[in-house]
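Peer 1: Next come the chains, spelled out residue by residue.
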Amino acid sequence: MTDWGCGSSVAFSRKKNKMQTFRFDLCELPEETKGLRAEVRAFLAEELRHVPLVTRAQTWSGSDPEFSRKMGAKGWIGMRWPKQYGGHERSAFDRYVVLEEMLAAGAPVGAHWIGDRQSGPLLLNFGTEEQRQLILPKVARGECYFCIGMSEPDSGSDLAATRTKAEKVEGGYRVNGTKLWTSGAQHAHYMIGLFRTSADKHTGLTQFLVDLKNTDGITIRPIRDLAGNSHFNEVAFQDAFVPDNMLVGSEGSGWAQVGAELAFERSGPERYLSSFLLMVEMIRELQKRGGAEGAREVGRLVAHLVTLRQMSLSVAGMLDKGENPALEASVVKDLGAVFEQDMPVKAHELLGIAPTIGGGSDYEEVLGYLTQTVPSFSLRGGTREILRGIIARGLGLR
Amino acid sequence: MNEMQTLLNDSITKLLDDLVTADTIRQAEDGTWPAALWEALIENGMTRILVPDAQEGAGATWEDAYVVLKASGAASAPVPLAEAILAGFMLGRAGIAIPDGVVTAMEGDFTLENGRLSGVARAVPWGRNATHAVTLVESGWGVETVLAPLHYARIEKDMNVAREPRDTLSFDHVVVDTGWAGLPGNAVRLYGALTRSVQMAGALDYLIRQSVHYANERTQFGKPIGKFQAIQQQLAVLSTQAAAVGIAAAHGCARADKVTSGDAAAFEIAVAKVRADDASSIATSIAHQVHGAIGFTYEHGLHFATRRLWSWRAEFGSGAEWADWLGRETLARGADELWPYVTAR
Chain A
2 MTDWGCGSSV AFSRKKNKMQ TFRFDLCELP EETKGLRAEV RAFLAEELRH VPLVTRAQTW
62 SGSDPEFSRK MGAKGWIGMR WPKQYGGHER SAFDRYVVLE EMLAAGAPVG AHWIGDRQSG
122 PLLLNFGTEE QRQLILPKVA RGECYFCIGM SEPDSGSDLA ATRTKAEKVE GGYRVNGTKL
182 WTSGAQHAHY MIGLFRTSAD KHTGLTQFLV DLKNTDGITI RPIRDLAGNS HFNEVAFQDA
242 FVPDNMLVGS EGSGWAQVGA ELAFERSGPE RYLSSFLLMV EMIRELQKRG GAEGAREVGR
302 LVAHLVTLRQ MSLSVAGMLD KGENPALEAS VVKDLGAVFE QDMPVKAHEL LGIAPTIGGG
362 SDYEEVLGYL TQTVPSFSLR GGTREILRGI IARGLGLR
Chain B
24 MNEMQTLLND SITKLLDDLV TADTIRQAED GTWPAALWEA LIENGMTRIL VPDAQEGAGA
84 TWEDAYVVLK ASGAASAPVP LAEAILAGFM LGRAGIAIPD GVVTAMEGDF TLENGRLSGV
144 ARAVPWGRNA THAVTLVESG WGVETVLAPL HYARIEKDMN VAREPRDTLS FDHVVVDTGW
204 AGLPGNAVRL YGALTRSVQM AGALDYLIRQ SVHYANERTQ FGKPIGKFQA IQQQLAVLST
264 QAAAVGIAAA HGCARADKVT SGDAAAFEIA VAKVRADDAS SIATSIAHQV HGAIGFTYEH
324 GLHFATRRLW SWRAEFGSGA EWADWLGRET LARGADELWP YVTAR
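Protein chains in written order, with the working numbering: chain A, 2 to 399; chain B, 24 to 368.
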């Protein structure tokens with residue numbers, strides 16, 4: 002008898018199947034974070050007073066170096082890093098509070114975001130002492146920005162198909178090839194590039210720190226997206242020279258390092274708050290109409306928002322304990338993207354107001370920006386299908 | 024989980040593993056009271072987990088009860104354990120002695136005069152099997168907890184689609200025990216929604232485990248169906264839904280422990296019930312799709328969980344009802360209060 006057949010029972014399958022599922026332990030923010038939250042809110046109220054809502058809706062896609070420097074001065078970049086590298090040795094919870102307040106308010110954190118989130122931690126984990134000393138203090142001051150050179154024209158989700166080549170030459174490497182969809186490359190000082198150093202599929206990949214401002218042979222071409230913005234770029238390398246001391250980690254360990262880096266990339270609250278400003282403006286519009294119109298839909302969105310926040314906090318709790326929440330981070334990112342992408346749909350269903358570009362009300366403009374932008378939310382940082390594949394592997398299906 | 028919760032989890036899981044078989048559930052669905060299972064739950068103190076020490080209970084918290092309720096939901100235990108736990112919680116608060124026998128909880132349209140209860144309660148879980156039912160009645164002086172013996176109640180039998188008894192009980196001047204509730208008037212619905220959310224988290228956890236197990240065993244086109252991406256993607260979705268409900272329900276329990284008045288936990292409880300309802304619709308559909316025709320048979324055990332989810336999502340307030348409440352509260356507080364409110368909790 003096959004065990005899917007007659008006679009299989011609830012108790013039977015429960016005993017036989019002790020598969021590990023994800024761990025989402027409840028995690029409460031420590032009481033001491035309250036003061037920090039109040040401080041961040043006061044700072045944002047002042048800084049964002051004159052920033053239009055549609056600009057704020059870009060959150061971590063919006064870039065403002067002056068704002069980043071002010072955050073650096075506040076000690077809100079590199080919060081968890083060691084003091085010797087310009088960090089502040091704060092807890093994962095302090096960092097979480099700053100991040101979620103920035104995102105909920107729509108602060109233009111894009112300039113320093115990638116360096117703070119993943120490139121800095123990558124260098125702390127795998128970089129040389131020289132690289133850390135050279136770069137981390139500047140990142141923490143909000144003066145040095147990063148982009149991530151992973152995707153290529155023929156290598157998107159299939160990262161192991163990376164072709165951009167770093168060839169060993171005297172004193173360094175000669176890089177040739179093209180990176181694509183590189184967010185923020187036009188503003189960034191450095192790229193963490195994943196290049197091919199040998200033909201071996203995985204062990205032939207190596208990460209490099211590329212100085213985008215002082216290297217010959219690099220051409221950065223912004224790519225206009227469907228909304229008319231140019232967040233991402235094509236970065237072409239033509240005999241660009243990267244010195245030996247800019248290799249990150251060891252030659253051939255790029256694949257493994259990228260895995261660790263992506264866990265950082267996927268774990269933050271930016272993965273469910275990207276449409277939060279639209280939720281707020283939608284509620285404001287409904288309020289204007291009076292009564293309880295749309296209450297049920299708003300209630301559902303609130304339930305999902307609160308649950309995602311608890312899941313995101315749980316990931317922060319695991320990070321604080323030094324655990325690796327890579328799988329849980331993928332779960333939050335997948336659920337979070339569905340939530341974010343549903344927001345313009347819900348807004349349209351509830352209010353039926355046409356989105357606009359340029360001359361509309363705050364609500365119409367924010368809706369205009371997000372209606373066009375949400376398709377990218379389940380592409381950036383790992384597509385929905387890739388994330389679900391990772392989750393399926395975690396479930397023991399692959 | 025703390026140490027106590029780990030112990031509790033081991034003990035309730037073992038108890039249910041031993042005593043809840045497919046046959047137990049089938050027989051219960053045909054009307055046989057699972058006496059051995061119930062006795063074991065009583066003996067192990069599971070029904071009195073939220074009753075204070077002073078009243079011979081375990082004096083535990085909702086976070087501890089989460090472990091027990093989730094396990095009972097995962098096992099599709101065909102007994103009113105959740106209702107007994109809920110009743111014990113309310114009796115404990117009111118300082119009313121816990122009677123021997125099967126105690127359930129009910130919501131109804133009642134009047135209380137000189138210690139006598141009159142009125143009707145619909146869809147009372149295991150009304151026919153229970154010896155007592157607990158409810159709350161608002162009188163002129165406030166909210167009173169009422170412990171009603173069912174010996175004199177008129178009982179009309181009905182069932183939910185999980186074939187759990189959901190009976191209509193009528194009372195006509197039945198002498199009852201009463202005490203000051205120390206709870207809001209809607210506490211049965213409120214804490215009932217919390218218990219259902221946790222049970223649903225358990226049932227969803229069962230669905231993902233069972234579905235992964237099946238997908239790894241069932242072979243088509245020369246390989247286990249779990250090797251197909253179409254199946255993997257669906258199971259990934261099911262697992263994320265189960266995970267979301269698990270933490271939403273835990274959050275509700277943690278809040279219930281933290282506040283003295285149930286009203287203050289209503290927000291988190293509503294979130295949990297809405298999330299559980301939404302997840303159930305997605306998860307039951309995926310679990311059945313992955314199981315194919317065999318999962319649609321009575322013989323296979325999958326439906327013990329899916330039929331419970333279809334029932335429980337509508338009990339003690341459907342997701343729509345709680346979402347409506349959440350939404351009205353949110354609109355009343357206003358757009359700019361959403362974030363401060365969410366982060367202050």
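Honestly, the hints are just simulated from the structure, not real lab data.
Bear in mind that the values here come from a model prediction, so they are computed numbers and not experimental data.
Please note that a few of the clues may not be correct.
[Stated by the list, open to error] Only pairs whose alpha carbons sit at most 27 Å apart, straight line, appear in this in silico DSSO-like list of lysine-lysine:
#: 1; chain 1: A; residue 1: Lys322; chain 2: A; residue 2: Lys289
#: 2; chain 1: A; residue 1: Lys322; chain 2: A; residue 2: Lys35
#: 3; chain 1: B; residue 1: Lys250; chain 2: A; residue 2: Lys322
#: 4; chain 1: A; residue 1: Lys202; chain 2: B; residue 2: Lys281
#: 5; chain 1: A; residue 1: Lys84; chain 2: A; residue 2: Lys322
#: 6; chain 1: A; residue 1: Lys202; chain 2: A; residue 2: Lys166
#: 7; chain 1: A; residue 1: Lys35; chain 2: A; residue 2: Lys84
#: 8; chain 1: A; residue 1: Lys75; chain 2: A; residue 2: Lys289
#: 9; chain 1: B; residue 1: Lys250; chain 2: A; residue 2: Lys35
[What the hints assert, rightly or not] Partial list, derived from the structure: chain B residues whose beta carbon lies under 8 Å from chain A:
#: 10; residue: Thr84
#: 11; residue: Arg139
#: 12; residue: Val235
#: 13; residue: Thr263
#: 14; residue: Ala266
#: 15; residue: Ala267
#: 16; residue: Ala277
#: 17; residue: Ser341
#: 18; residue: Ala343
#: 19; residue: Trp348
Here a beta-carbon is modelled for each residue, glycine too, at the ideal position from N, C-alpha and C.
Peer 1: For each hint, tell me whether it holds in the structure or not.
Peer 2: For each hint, the structure was consulted:
Our distance criterion of 27 Å between C-alpha atoms is broken by A/Lys322 and A/Lys289, whose separation comes to about 45 Å. Restraint check for A/Lys322 and A/Lys35: satisfied, since their Cα atoms lie roughly 20 Å apart, inside the 27 Å limit. Using a Cα cut-off of 27 Å, the hinted pair B/Lys250 and A/Lys322 is violated, with the two alpha carbons roughly 34 Å apart. Of the pairs offered as hints, the one joining A/Lys202 and B/Lys281 is violated, with about 53 Å between alpha carbons and a cut-off of 27 Å exceeded.
Pair hint A/Lys84 plus A/Lys322 holds up; C-alpha atoms about 19 Å apart against a cutoff of 27 Å. The hinted pair formed by A/Lys202 and A/Lys166 meets the criterion: a straight-line CA distance of about 13 Å does not exceed 27 Å. Our distance criterion of 27 Å between C-alpha atoms is met by A/Lys35 and A/Lys84, whose separation comes to about 23 Å. With a C-alpha separation of about 37 Å, the suggested pair A/Lys75 and A/Lys289 falls outside the 27 Å cut-off, and the hint is violated.
Distance hint between B/Lys250 and A/Lys35 is unfulfilled; the C-alpha atoms sit about 47 Å from each other, more than 27 Å. Given hint, B/Thr84 at the interface with chain A, is violated; its Cβ is 13 Å from that chain's nearest Cβ, farther than 8 Å. The beta carbon of B/Arg139 comes no nearer than 38 Å to any beta carbon in chain A, farther than 8 Å, and the hint placing it at the interface is violated. This hint holds: B/Val235 has a C-beta 5 Å from the nearest C-beta of chain A, less than the 8 Å allowed.
With 8 Å as the threshold, the beta carbon of B/Thr263 comes within range of chain A, its nearest partner Cβ sitting at about 5 Å, so the hint holds. A hinted interface residue such as B/Ala266 counts as satisfied when its beta carbon comes closer than 8 Å to some beta carbon of chain A; here the least separation is about 5 Å, so the hint holds. For B/Ala267, the shortest C-beta to C-beta distance to chain A is roughly 5 Å, which falls under 8 Å, so the interface hint holds. For B/Ala277, the shortest C-beta to C-beta distance to chain A is roughly 6 Å, which falls under 8 Å, so the interface hint holds.
With 8 Å as the threshold, the beta carbon of B/Ser341 stays out of range of chain A, its nearest partner Cβ sitting at about 10 Å, so the hint is violated. With a cut of 8 Å, the hint placing B/Ala343 at the interface with chain A holds, because the nearest CB-to-CB distance is about 6 Å. Here the hint on B/Trp348 is kept, as its CB sits about 7 Å from the closest CB of chain A, short of 8 Å.
Going through the hint list in order, the structure does not satisfy hints 1, 3, 4, 8, 9, 10, 11 and 17.
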